[in-house]
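Undergrad: What follows is the residue order along each chain.
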Amino acid sequence: MRHYVIILLLSIFTAFTASAANNKPLVIGSKAFMESHILAEIAAQLLEHNGIPVKRELGLGGTLIVYEALKQGSIDIYPEYTGTIATAILKQSETSQESIRASLAHHKLALLAPLGFNNSYAIAMSKELAQQYNIKNISDLNQYPQLRWALSLEFLKRQDGWPSLQQHYQLTNSVSGIEHALAYAAIQQNKLDVTDAYTTDGELEQYKLALLHDDRDFFPAYHAAYLVQEDLPMPVVNLLDQLAGRITDDQMRNLNYLATQPNHTPASVARHFLLTEKLIAPNSDVGTNADTSTFDHTLQHLYLTLFALVTACLSAVPLALLTYQNQKLSRFVVYSTGLLQTIPSLALLALMIPLFGLGETPAIIALFLYSLLPIVRNTLNGLNNIDPLLKQVADGLGLSPKQRLWKIELPLAIPSILAGIKTAAIINIGTATLAAFVGAGGLGEPIITGLTLNDHQLVLQGAIPAALLALTTEFIFEIIDKKLLPAHLRRK
Amino acid sequence: MHPLEITNARKVFNQHTAIDKVSCVFPEKTITAIIGKSGCGKSTLLKLLNGLESPDEGEVLFLGQSLQTQNINDARKKMGYAVQGTGLFPHLTLKQNITLVAELEQWSTHDIEQRLNFLSEIVQLESDLLTRYPHTVSGGQQQRAGLCRAMMLKPDILLLDEAFAAVDPITRVEIHHHLLALQSLEPRCIVMVTHDMREAELLADRFLIMKAGTVTQQVTRSDIKKQYPESSIEQWLLESL
Ligand SMILES: Nc1ncnc2c1ncn2[C@@H]1O[C@H](COP(=O)(O)OP(=O)(O)OP(=O)(O)O)[C@@H](O)[C@H]1O
Ligand SMILES: [Mg+2]
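If you read the sequences in order, they're chains A and B.
Under the working numbering, the residues of the first sequence are numbered 1253 to 1744, in order.
Under the working numbering, the residues of the second sequence are numbered -6 to 234, in order.
Simulated pairs of lysine-lysine, DSSO-like, Cα-Cα distance not exceeding 27 angstroms:
#1 Lys88/B to Lys1643/A
#2 Lys1643/A to Lys71/B
#3 Lys1654/A to Lys88/B
#4 Lys1654/A to Lys71/B
#5 Lys88/B to Lys147/B
#6 Lys218/B to Lys30/B
#7 Lys1580/A to Lys1654/A
#8 Lys1735/A to Lys1654/A
#9 Lys1276/A to Lys1323/A
#10 Lys1654/A to Lys70/B
#11 Lys30/B to Lys1643/A
#12 Lys1409/A to Lys1443/A
#13 Lys219/B to Lys22/B
#14 Lys1580/A to Lys1643/A
#15 Lys147/B to Lys1643/A
#16 Lys1735/A to Lys88/B
#17 Lys1654/A to Lys147/B
#18 Lys88/B to Lys1734/A
#19 Lys1443/A to Lys1379/A
#20 Lys1643/A to Lys70/B
#21 Lys1323/A to Lys1343/A
#22 Lys204/B to Lys30/B
#23 Lys1307/A to Lys1530/A
#24 Lys204/B to Lys218/B
#25 Lys1360/A to Lys1307/A
#26 Lys1276/A to Lys1307/A
It is worth saying that the hints were derived from the structure and are not from the lab.
Note that this is a predicted model, so its numbers are computed, not measured.
Let the hints inform the model, and build the full structure from the sequences given.
TA: If you want it as structure tokens, here you go:
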């Protein structure tokens, strides 16, 4: 009888866990730019339409972060480009799909069939001017050194950008740098003739720009394809493979353009594409992540900031108290917390993903680490700047070291400690906007989505509350100062 | 037995001998003034007495026992200590400064109030001053508060390192009288370092003359009076430096 009970319980248990595993939604990621959003939405909606639950982690902060998240298992699918995989991720010169697939297999990852289009770098100029000079190929530019060139700063600097291009095509013109977002308008206003572009850029059409043919095969191929976990269920792979070869350069350019138009979003554009390709039925529901209100973003932002700040206080202040009497030790603590401060935030977030995955944890830990230095340094300064005579008098009165610390030194250091905590809090409020890059939400979410979609209102929905938070923090600390400290001890 | 003795003490700071073979006693109910030129080691001697510095050689006997073998914080609570410029804690009111150690010793509120009233009355610190922070009261008032703080725990010994140097002569004379009043009510062993010969003459019963880290003379008021009936103490002190 008992056996039966155990077997029954076991089977219930396995059934439960198995179904839980089955119901766990597939996580689809994207980087923080339009095309990546659209391609992620296309995959998400196609799967949803076929009854496969998905969760979106859109707008993650760059190649390193999405790729680390995929490797770590926080996401299952995201759109990537063959050129990026070869050069930026695998750091190999071999760009063929076979060689990429072979290298990815080592990481238990797979590349699905390419979607068709190639979003490479390209050289663009106005259609009119190209016709006038009869320029079709990049090599034709050789004959017109008088053309005015301005290249995006990134392209100008990248080793596989302008320096190599110039050599490859023996170009003799001079170039200057320009913010990419301004280049097309500058060409339209005839202030500029030639710039770099992406082949699927939705704005090329709008600004009447022609892309020149890369006749000496300089630019590597950037074929878009879904980069996925190797063990993705077969039905999912089959569904996504329906998209193979379906999107041409022109189509992608159009989708990118459409998404910038009023009343369109990456989601609506993806749906439009899937409908025209008859991959979903018109009556199908589009799932999106539930909309989060500005209030919720602010709460989340506060949560991230405060959690990191409180834990940083609880570690940095004791750390300073334990080490302040030992010069070498306290200097070591300041140097090491200072070193943490020099790690760029995105790099720090990316470093954290293999350990903690996406979400709040890596964001809070990064904020925590950034908070340490100002608090440690101010606490140490506060303690070390106390008049030595006062310490001597405290000893002379017979205060034990502990009493001296609690009754004299700590109270005298409080203004400096508070200033350190305030600095950390303000830094945190700013840095926490980057938390959205690892899917931790907060006010960075509307800011980054807004920047991606070129939606200024959305950007402000994040930026204004963030600025208000910083001001409020300043104000709150002023009150704490007033409540806690007699006037003459406050820091001016 | 004298409450405080120092025998054969030597203190060297990076090859500079600040105190060299100093032996002397500090008797009960007596005010001893330490006199000497700047840098001769007066403050260092005082710090050896309350353990803020420890001697390289020799020892300090406090209440008949080597200071080294005692719990230094407990011993210091039995020795009041006041320095030039008062050393009042800026984050505490005068009252909090004065009563801090008593509170740490967990005296009852009643005892604390009583002692505070007693002391502040003698040094004429009005009660409305007590709730103010040190920087809002005059230098003389700060000195008085510093004196009260040093006396709070009814110490066996009081060490004063130029404790009244920073106030004007008139205020200083007032404080001298407060100190004498206290001494007549609660006589104790007081060791004071001073540059003011008139202060020494007015207050002290004994004089220690220091030169370059050594004690060259230990004399009492009556010794001087006997040997030099025609010169004032102040004069004698000035000449013996
Ligand atoms: N912590 C220290 N480190 C190094 N040298 C010291 C230290 N304390 C005192 N000294 C030196 O020891 C000598 C005696 O100093 P001390 O402070 O005892 O002199 P003083 O007699 O009190 O002088 P003053 O009348 O100017 O206060 C001086 O030469 C001083 O420079
Ligand atoms: Mg001195």
